[in-house]
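These protein sequence lines are chains G and Y, in that order.
Read in order, the letters of the first sequence are residues 115 to 574 in this note's numbering.
Read in order, the letters of the second sequence are residues 115 to 574 in this note's numbering.
Mixed in with the good hints there might be a few duds.
Note that identical chains are pooled: a pair holds if it fits in a single copy or bridges any two copies.
[Claimed, not checked] No more than 20 Å apart at the CA atoms, straight line, and that leaves these computed lysine to any residue pairs for SDA-like:
1. 500 / 530
2. 159 / 374
3. 136 / 179
4. 147 / 127
5. 147 / 122
6. 349 / 309
7. 159 / 532
8. 420 / 522
9. 136 / 147
10. 159 / 430
11. 500 / 534
12. 349 / 179
13. 480 / 564
14. 472 / 346
15. 506 / 421
16. 349 / 291
17. 345 / 403
18. 136 / 182
19. 136 / 126
20. 183 / 404
21. 420 / 520
22. 349 / 315
23. 500 / 163
24. 420 / 530
25. 183 / 456
26. 513 / 137
27. 345 / 149
28. 147 / 190
29. 556 / 163
30. 472 / 182
Source of the hints: derived by calculation from the structure; they are not laboratory data.
Number of protein chains: 2
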Amino acid sequence: MGSLTTNTFSSLDSDGFTTDSKMVIDFIAEYYKNIENYPVQSQVKPGYLLTKLPDTAPYCQESLEDVLKDVTDSIIPGLTHWQSPNFFAYFQSNASTAGFVGEMLCTGLNVVGFQLDCIPCSYRARIHCNGLDGKDAQAPIYIFVLRKWRWFYASDQTHSTLLKGVKLVGIPSSNFRCLSTSFSSEFSLSPQSLEDAIENDIKAGYVPLFLCATVGTTACGAVDPVMDLGKIARKYNLWFHIDAAYAGSACICPEFRHYLDGIELADSLSMNPHKWLLTNMDCCCLWVQQPRLLIESLSSNPEFLKNNASESNAVVDYKDWQIALSRRFRALKLWIVIRRHGIANLMFHIRSHVNLAKRFESLVAKDSRFEVVVPRRFSLVCFRLKHNDACKASELNRKLLAAVNESGRAFMTHSVVGGLFIIRCAVGSTLIEERHVDDLWKLIQEKATDLVEETGAIGD
Amino acid sequence: MGSLTTNTFSSLDSDGFTTDSKMVIDFIAEYYKNIENYPVQSQVKPGYLLTKLPDTAPYCQESLEDVLKDVTDSIIPGLTHWQSPNFFAYFQSNASTAGFVGEMLCTGLNVVGFQLDCIPCSYRARIHCNGLDGKDAQAPIYIFVLRKWRWFYASDQTHSTLLKGVKLVGIPSSNFRCLSTSFSSEFSLSPQSLEDAIENDIKAGYVPLFLCATVGTTACGAVDPVMDLGKIARKYNLWFHIDAAYAGSACICPEFRHYLDGIELADSLSMNPHKWLLTNMDCCCLWVQQPRLLIESLSSNPEFLKNNASESNAVVDYKDWQIALSRRFRALKLWIVIRRHGIANLMFHIRSHVNLAKRFESLVAKDSRFEVVVPRRFSLVCFRLKHNDACKASELNRKLLAAVNESGRAFMTHSVVGGLFIIRCAVGSTLIEERHVDDLWKLIQEKATDLVEETGAIGD
């Protein structure tokens with residue numbers, strides 16, 4: 115032990131790197147080819163893997179073939195297959211060849227970009243590509259640490275991570291003003307109810323501080339009115355954050371850009387290319403109007419990180435835009451996705467999914483047993499089996515969703531809006547084609563028919 | 115536009131995936147082959163890339179060849195090459211073939227593991243693999259949100275991210291008790307000074323809450339006495355966190371494990387396989403004695419994430435162990451690194467670096483112009499050119515470090531301990547061989563000779 119010459123194992127020689135990596139490329143390509151053969155949602159019981167794998171790490175090296183065999187036999191059967199074209203759950207997590215090779219370059223170069231980042235930025239804005247979250251709504255909240263009497267506003271449709279972020283910086287949940295939305299406004303936040311709440315809070319002696327608007331909510335794809343909310347935020351001097359995690363990608367298409375009208379009033383905006391813009395996990399873009407405020411809250415300047423560039427303020431030290439010190443070179447990945455696709459193909463990608471969602475929506479509309487619960491937004495369709503009795507309707511749709519998912523042929527998730535249990539069909543897999551939407555609908559109809567036979571007629 | 119059949123570009127077809135990915139594999143292999151030809155530290159001026167790249171994203175797709183040409187011509191010359199065997203700065207960021215293919219599988223499968231994670235865990239402990247930070251010291255701090263009169267203790271050698279974490283959860287920096295260390299204790303935190311500080315704070319009416327010990331500090335590799343500090347933590351009921359980000363990897367070797375004696379007294383421990391355990395960025399392991407406390411602080415349970423498994427409490431929902439909701443499958447990467455190397459090769463890897471650091475230390479010791487400032491720990495050697503005048507010594511060593519780094523032939527960084535400016539030689543590149551250490555030393559000697567000629571004799 116201890117001598118460099120007695121060991122024949124090399125962790126990173128060029129030949130071994132090439133051979134092993136290409137074997138894994140073939141493995142992954144094969145996985146994509148067969149992906150429709152797997153049950154979409156994981157069908158295993160929690161803990162099943164513990165019995166399949168050894169208790170201790172091996173003393174000697176094992177072959178890549180053995181490791182890949184275990185991935186095939188033990189890991190893959192335990193997964194939910196997010197890349198399946200039959201995945202319609204949550205929001206999509208788009209993989210692409212360009213995103214993959216971008217990640218390979220990031221991982222191969224393996225640089226730690228906390229400082230001196232000379233990152234290409236197509237938009238000449240200061241956009242921070244981090245991996246913090248599927249919903250990075252909480253990022254700018256860091257700014258508000260230590261401010262007392264803080265008051266936060268968002269609709270009851272806002273993502274749960276906003277509240278998590280608020281709690282994290284030491285602000286009581288009771289300072290979070292959760293404003294009700296309803297079917298009448300398609301679950302969009304009403305500017306009037308916001309202004310009323312702010313006025314009431316001011317009268318009660320509180321200081322309004324932060325407003326989060328969402329473009330494309332998780333539950334049903336609702337869009338808050340950015341322009342009107344932004345004006346209120348300016349009037350009362352609130353920080354105005356726009357969470358466009360999901361639908362921000364759609365706004366590369368001119369026909370969706372109006373949803374961001376008023377964006378110039380925002381203090382910050384986040385969107386996730388790792389959801390709908392073909393950039394493999396993880397990549398979240400955070401734009402901040404005045405980066406100085408974020409940096410003042412998060413900067414640290416220990417001796418070991420000081421250098422001429424950092425001292426000169428000539429560079430953007432992204433470590434001061436985030437919690438962590440270490441950073442992966444995620445911008446490289448997004449840059450490659452944009453260049454390899456070009457805006458034309460990226461718009462085509464978005465529009466294809468929107469068109470498939472429209473197709474699904476029209477299929478639902480044609481079957482009188484079903485209803486589309488809120489108007490389709492982007493590529494998310496929210497629907498349910500109709501029933502006169504609200505309690506029975508929830509139960510029925512819960513059963514329908516379980517039956518679809520347990521079949522392994524597709525995977526959708528649910529949400530509850532306006533007190534109604536609804537099924538969400540989130541169209542967005544990179545590999546999706548028309549036939550997958552058609553098959554999904556057939557599957558749903560089939561399971562609905564079975565259910566009706568079991569449980570008796572559906573009220574109408 | 116809008117029809118699925120008019121577009122010939124496929125984002126993720128198997129053939130394109132294989133061809134493109136293998137081209138990038140060859141590209142990265144070539145990069146590793148030539149890595150010694152690049153200046154180790156980036157030599158470009160901040161902002162240089164802005165002039166090299168277009169202002170706007172392309173409308174049409176570009177070829178992978180064109181993109182890779184720009185990576186070669188524009189991106190790579192702007193990088194600091196962390197994988198260079200001549201990289202001796204900060205702490206290493208180990209790439210390996212196993213880590214790379216593990217990352218490829220993670221990225222290829224592209225699953226979002228926030229729930230229902232059936233992750234293999236070699237140690238049957240509940241270890242959370244996240245990417246939060248190079249130093250995840252702050253992670254368990256989330257637990258302390260909203261507790262008043264909180265008091266934090268750590269040595270003046272603790273990593274800056276601890277203070278960042280404390281600020282983040284809304285605790286004033288003034289509640290952070292930074293305990294002095296010195297040459298006499300090799301910059302290790304003195305249990306007596308800790309206990310004195312705690313006693314004084316209690317008398318003043320404060321409630322001590324959190325103690326962070328470090329095994330292998332960033333500035334000089336110092337090790338705090340885990341057992342003695344742990345006993346004090348128990349006595350006063352403090353949360354006891356061990357930050358073993360760097361040196362935790364070394365503790366896989368029996369001869370280093372004694373540094374963790376007393377670990378059973380810890381409430382949490384973090385270490386970074388992405389530093390010294392051949393796991394490409396990012397992978398940070400966080401162990402928590404009572405996960406319940408972390409989960410209670412961070413859990414959220416929105417409707418759209420509810421399912422039978424999450425409701426049954428039969429699974430570990432890792433979303434509740436972290437800030438973000440989304441999670442990459444990093445455990446897969448670490449698991450492959452462990453299996454492909456086996457413990458034998460991992461220990462060999464650590465010992466090789468320690469032996470090379472010993473070699474460097476003995477080279478420094480043989481040249482009377484130099485001194486090793488603190489005893490070498492693990493693979494970190496802290497040294498400097500001697501000078502009678504403290505101010506001139508700092509200036510001299512600053513110039514020496516700049517001369518070495520500007521040569522492009524190696525990259526080291528500095529720190530300041532006990533008021534002294536010291537140069538850090540952190541041995542740890544995956545690709546390092548004996549000759550790189552010898553060349554580094556020759557380079558340092560050569561630049562030192564130049565400096566002495568320029569500035570006159572060095573006092574002794």
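- Which of the numbered hints above does this structure break? The structure conflicts with hints 2, 7, 12, 14, 20, 23, 26, 27, 29, 30, although it agrees with all the remaining ones.
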